[in-house]
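Please put together the full structure from these sequences, using the hints given.
Heads up: the sequence shown is residues 1 to 105, going by our numbering.
If you're looking for bench data, these hints aren't it; they were derived computationally from the structure.
Certain hints may be false.
Unchecked claim - Only pairs whose alpha carbons sit at most 20 Å apart, straight line, appear in this in silico SDA-like list of lysine to any residue:
| id | residue 1 | residue 2 |
| --- | --- | --- |
| 1 | 94 | 15 |
| 2 | 13 | 45 |
| 3 | 13 | 92 |
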Amino acid sequence: MSRTRRSFTPEFKVEAARRVIDGGRSVTEVARELNVHENLLRKWVVAERVRAGAALDARELPPDGDRSAVEHAELVRLRAELAEKDRDIAFLKKVSAYFAAQQHR
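As structure tokens, this is what we get:
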């Protein structure tokens, strides 16, 4: 018996990894919830952490003369919070579109 290989969209991978990273949940718990193998999800989490770290490094320039270290830290925190909210909104849009499509069937 041959099984077809499942493929996942990049958006799905990022959202699954974000559930582990932002939600503070274990890889095992999220993998069971999404019906994916733990090792696969673990790879996605590592890739997302590397990607997010690279994005933060590019944005986190040392504070200039007009901005104190405290203001810079607050700016970095707010940018991270905004990115998280943007991901949440994108996920909710997808979920609402899915349920709207299911309602018309």
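Now for the hints, and whether the structure bears them out:
no. : hint    : result
1   : 94 / 15 : holds, 11 Å
2   : 13 / 45 : holds, 8 Å
3   : 13 / 92 : holds, 16 Å
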